[in-house]
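**Q** Please work from the sequences and hints to get the whole structure.
Spelled out, the chains give:
2 protein chains.
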Amino acid sequence: MVLTEPPLTQTDCAECPIRHRAVCARCEPTELEQLESMKYYRSFEAGQTVIWSGDRMDFVASVVEGIATLSQTMEDGRTQMVGLLLPSDFVGRPGREVAAYDVIATTSLTMCCFRRKPFEGLMIKTPHIGQRLLEMTLDELDAAREWMLLLGRKTAREKIASLLVIIARRDAALKQVNTTTRIVFDLPLTREAMADYLGLTLETVSRQISALKRDGVIVLEGKRHVTIPDFDRLLGETGDDADGGPLI
Amino acid sequence: MVLTEPPLTQTDCAECPIRHRAVCARCEPTELEQLESMKYYRSFEAGQTVIWSGDRMDFVASVVEGIATLSQTMEDGRTQMVGLLLPSDFVGRPGREVAAYDVIATTSLTMCCFRRKPFEGLMIKTPHIGQRLLEMTLDELDAAREWMLLLGRKTAREKIASLLVIIARRDAALKQVNTTTRIVFDLPLTREAMADYLGLTLETVSRQISALKRDGVIVLEGKRHVTIPDFDRLLGETGDDADGGPLI
DNA sequence: TCAGAACCTTGATCGAAGTCAAACTAGTAG
DNA sequence: CTACTAGTTTGACTTCGATCAAGGTTCTGA
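The listed protein sequences derive, respectively, from chains G and D.
Quick note, in the UniProt record's numbering, the first sequence goes up one by one and the last residue is 248.
Quick note, in the UniProt record's numbering, the second sequence goes up one by one and the last residue is 248.
Where hints are given, some of them may not hold.
[What the hints assert, rightly or not] Only pairs whose alpha carbons sit at most 27 Å apart, straight line, appear in this in silico BS3-like list of lysine-lysine: (1) 125/G / 117/D; (2) 223/G / 213/G; (3) 223/D / 213/D; (4) 175/G / 213/G; (5) 175/D / 125/G; (6) 125/D / 117/G; (7) 213/D / 175/D; (8) 223/D / 175/D; (9) 223/G / 175/G.
[Said to hold, decoys possible] Here's a subset of chain G near chain D, in silico, CB distances under 7 Å, partners left out: (10) 74; (11) 137; (12) 141; (13) 145.
In short, the hints are calculated from the structure, not lab data.
Note that this is a predicted model, so its numbers are computed, not measured.
All C-beta atoms, glycine included, are put in the ideal place defined by N, C-alpha and C.
**A** Okay, structure coming up:
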């Protein structure tokens, strides 16, 4: 599916997370009005491609609900995920006309889009939007560097444990539960998507998950529903510093 | 070596690349004056550590000359390079008090530093500095994602070829030579540093360089001086799309 | 001019993860 | 109810890069 001119579908945006994350927090009423005028929602089903690398991209967006992935594919089909987009994450780059990565919905997905040109204009007139975007981009860069350590130096088992910790943390932040709550969540990714994330094959992912289950580090009901009986134990499996911090 | 309060050594900054890259291009004379007042140079010898992860960091900086690396180390000593800093690259993060990575000079190195607090103040008052920094950060994020593909999916041989292309490109950009010039450069990294960049061991790096040499993809004089007889041939070894673009 | 250190190369062997193949599970469309 | 599909697991075997070990090169400083 190729998006060249996304349709404008104006709907109410009261819950749009971009309000909290990139823009609006310090916006004047007149700026909010402008944002409303360039805003529209788009929804996708699980598995749908939001945009292909190389396509023209006339919007930037924020994930409202669901999960999307950014990935790169080599000529011969090898693919590597380079970004995991959870609710409130930002997609697209001001000033870039053409998408640099494939964006794929891994669950059903709703995004709050802003037409790019007017958004760029507003950014120039409203410095704090750019400042917020800079903070978010620096956070993403830190996450990417953490990910590079994972890809370059961790064992398959450590990679799986790290991914589980990342998902558990983001899930907890989203649900606003605290550290003491029992840690239970559903894996939002297939084994293949996990493999693309971690630079492994899906067979290795499957084997390592089975091993963590056999060793009692995780409890699985079905193939996706995970319980972590002892979060510190899981943390210990990641290879990261012990002071990597608590769940949230 | 731990830097907590870097000494202020004011010198002239006519050649400081930050003028071109992050600030100054659109600065008013009064802003330039302010920048001068918060600026100082620091020099390091090859092998010296500029700052350790976890140290207090009271400055942001731009590389003027030489090469530095950002790297992360796991408890057991496994290390992964997460950034390669060449002249005009920016180090540090506005708003961050504590360094997140080790910064190490791999050649003799000169940096143009700005005291962080006043720099942050200037950034708030001067939006275009933040805008420039956002662009540079987005570029770095793209580079990090390219690097993730390399770490996660490329073979050792492809990794080495990719690194050679990256160095050749940045070297050419720095020297302002054009595509048709014969491609000759010195490797600025030891085999071990290359291994840390690529998520390999130094032995594998050495073996793959020998293999590329044996196959005529590169010509080596000594251990560091590289000639690329056929750049397209080298590009073909990277596994990247053929349309990965020319030297510059 | 020699000793030592840092850096690099090469060989032999090993093991973690990849590949290929088969079978299992759960959901769903007919 | 059955057949199909997408997703997953498990087994057997292979391979790429790691590990361990020895020796070579270059440079510096005594």
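**Q** Sort out which numbered hints this structure fails and list those numbers smallest first.
**A** Hint 5 alone not satisfied by this model.
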